[in-house]
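Protein chains in written order, with my numbering: chain A, 1 to 213; chain B, 1 to 419.
Any given hint might turn out to be false.
Taking lysine-lysine pairs in the PhoX-like style, the calculated list, with each CA pair at most 25 Å apart, reads [what the hints assert, rightly or not]: (1) A/K14 / B/K164; (2) A/K14 / B/K255; (3) B/K255 / B/K277; (4) A/K107 / B/K277; (5) A/K14 / A/K107.
I should point out that these hints are in silico values taken from the structure, not numbers from a laboratory.
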Amino acid sequence: MRVAIAEDSVLLRKGLTLMLEEAGHEVVATAGDAEAFLRAVRDTVPDACVVDVRMPPTFTDEGLRAALLVRDQWPDVGVLVLSQWVEERYATELIAGRAHGVGYLLKDRVADVAEFLDALQRVADGGSALDPEVVAQLLARSRHPLGDLTPREREVMALMAEGRTNAAIAAALVVGAGAVEKHINNIFMKLGLAPTERDHRRVLAVLRYLGTS
Amino acid sequence: MSLIRGLVSARTWLAFTHHVAGLVLSIASFTVVVTGLAVGVCTTPLAFVGLPVIGVTLRLLDAMAAIERARFRLLLGRDLPGWPADPRRAYRWKVVPTRSTLTARATWGKIGYAVLCLPVSVAAFTLTVVVWSAALIAVTLPLYASDLPGGGPSIDWHVFTGPKPLVIVATLGLVLLLAAPPLTRGLGLADAALARWLLSPPRDAQLKARVTELEVSRGRVVDAAETERRRIERDLHDGAQQRLVALAMELGRAKARFADDVDAAAALVDQAHTEAKAALVELRDLVRGVHPPVLTDRGLDAALSGLAARCTVPVALHVDVPIRPRPAVEAVAYFTIAEALTNIAKHSRATHASVVVEGGPGPAGTLNVVVSDDGIGGADPAGSGLAGLADRISGVDGALSVESPPGGPTIISAVLPCA
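So here's chain B without its partners, still in its complex pose (with noise of 0.2 Å):
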């Protein structure tokens, strides 16, 4: 059964069409790579040519890689981790590459790559052709068998005639057209091997790559938390503290001025009054700064009205996110957008913004945030509230991109994996 579903399958069909595609890249990253690297290299004695051709080489089979990373994604399903990110310089003057680069081992695998995938490719699709097409041929032989010249199929001018020859040629091409699916797409995952080893780096690479990654956004983390600790105690000392001093002093003044002035006393604990008021303003203020109770009772939808209603400028909210993600999770959201408000009634000018929270655990698997305004734009990704929230968001194994050219608009949006 499984063997016919092959026939129709749509992984045998995005295969197929794998191979057909692998042709046509294949034909152009082999040119590029040889005839780029050719005459670079002849021309090597005279630096200022040959280096910058085999730049310019090396920097066009990045992006034909990056076109095979997507071919094999989409038609075969495979993920191709690229290498990461290399903190040295990769080129000078743009087309120049490094001696670390020409020693990558990232760069001879592109390279042995766009060799190898010429050969490879038309093995594959010269295959996969000949196989599907005698299949059907052969399985198609009895409807117009007697309509060939003969009267019958001939092999060196022998006519064939009768239905016993008919029925074997058509048996086999059946097992050739069954074997055809399996084959078409073995040859889809064995290009892929070939695809990883030389196009990704090693796995015990990828996992140091990610140790790395999680020491440094481990670091960032509790500084993170610190510089938020740090904020608190000093919104305490400022805010709310120094009120209820004040406070504290005022009620002591009226208290002594009672027994001779009444008025004066009454006008100190009417200004008293007032002091505590704002005291109890700000401390909710930061208590909400911390945490707001809402988030861990109703969850990001309902925490969002408050932070939209403070906003000073009118906020479009749309909300949907269907299952709860985990408390950390929705806090980074929460403040994510907290921040984002702050900043656009703070500096954006904007006359709009608008909210949208979409995804959570399921299928997606990411919680998707993203606020814009139509504001002047020119929001900085490494000042101080957009770099704490970078550092925020890594903790979660999140993204932060920030989009803000001068004249706006600006959008942010963050990438939260609820796994």
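The following block holds chain A by itself, in its conformation from the complex (with noise of 0.2 Å):
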């Protein structure tokens, strides 16, 4: 997988650019700044590209609407984006009108370096990974009553929500694949929606039904 980093502090893009390289990924570019890493993307257009949220000058956002930038101008590069705190605001922002091939992750996450690698595969291959904290607050904003759900629903659609293949969600829950499509079944029909097959499609509906986009 070829891969751009932007991320300013020198140390964590060493960091970064190490732990792909063992993993046997091709870093084609580092940036410090957005504008440097807007001008990368175009120059080697990677596979996946992973982004701090606050980069210089200003440290606010800037490295979130240059993701925003890189989501609708490569429909094909898969955006990953970094922060040292994650917001469901932010998440609605990155996520509204296409959940497939963006991710949003605590920076922490970086430390379980293969759930990390396994996130960035996901949205390299056009899935999605949004962090449970993010989906945690989600579901506390849902403008929709929640309460038909199962506790065991419910967990299996935060999971969903975050961009968890049925496999992965049942290693999680450490239970059988077919109780997790059962689940599934049960949550799409008890909120109305149209159950599907493609991952980044039931994300996408998750996210619909808890209003974000």
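Could you use the hints to bring the two separately framed chains together as a complex?
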């Protein structure tokens, strides 16, 4: 996988590069600010990019805005946004209209290398990755009553909203794939959503339901 | 044009209502003050009868003054600021006035207004009613003149007939009718000026009270900031710093073990990894407690999502703030809600909480925050959390109110001016 990195901290940029290269990926560009990053994406067109939200010059949300530009102009480039804090509102802006090929994770998640690489791969392949903290916020702000769902179905829905596959959900909850499928069908039925096969369509359906897009 | 508009304007008729209400109220307060004080003063030699009678009279006058203030505010749009609360005790055993109460300018102002408002109100009411009635009778004279006994209006049995006197009278009536609205409103303003002189503190006393209030609130804000710095220092020292020490130590031990026992070293690295992640979480929570970045970037609504999601009690959020208030007000609102939700999660045993934020800059001019829960109540407004909050809120000139009867529910509300 060819990856571009936008991160203003030299230490983290080096660390991410090393981690990705050790995992056999190719880091085609690194940038310390949004402008250089956008140039690099235009020149190299990577499979995926990892973008920090806060970058110079204002250290507010230029990373997020750059990520939105990439999402809109290069639909085939996966965008994984990292942040010291995850916020439902940023996630909403990021996934509005397109929940595939985008991800939004807490920066801490890079510490769990395998899971992080898995999320990046998912985003590069057109899937999605949302931090559990964001999903919790989305559920808390949901405009719809979730009272009809059983506690187990809520767990499944949260994992689905994170962008996990059926197999990953089954592993996380220590149940069989069949059980997960049954839960998902129940959720879609209870929420009045059309069941779909493709992973990102499911995420989109859930997010729509939560009232974000 | 404006003279004609005065006839139908709301202000005129509110002023008219003011005079009617004033008549009723002034009769009541005049009766109370004259009877109460006369009986009280006459029985003063019997100390335990006279003083309580005076005390009860003064307390009744307080209530009447509050009603008068409402009358001036609602009907004339005039605010009569009250006297600042006197820190000294006003009454012993609830009804015996203290010396400071008996000598206060506020007390004598109240008594003065209760006495004077009767003649003033009677005069204003009579004048208003007479002018309006006379004007209406005169203006409409041509309509009914021919039905009058003798076929026309009469003075001293002399009957006027023909159109000329009718035109003169109707014209005079019209002039009177056009003069009636300004007269009605003017009498209201004169009444307001009298009430302001007797029921409100003089301007410099108001300013002095405000300065004292600001001095106190400044002190509280400085103290609150100092307390906050100490809390951050302690949290950093006890939390993240200790974790990083432990982490460095574990990595050091792992380094030493790698040569002889790789498995043990791997276990230590594993532990260090966990420790590092925990330190990250702690640091993040700490920074969020200082100032959440999303509050700056996207405002209150966005920042509250995180608070609601992290609260262990389910929270229903309702935010309607069309225009963003200035950052200081946003931050105070955010931390008010944060503290309230923390208390709910820790102490309330509630199953449900609700956060409502409304208003903001604009016509309302205030940001209103209400946090409620269905828990056991009994929150102590003097406790360190809520007291600190009140300090912080006073820094932006806001007001905090805590309602938490034993058994619940608890309602914490803050009104923050946005001007």
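> For this structure, which hints from the list above don't hold up?
Replying inline: Result: hint 1 breaks, nothing else.
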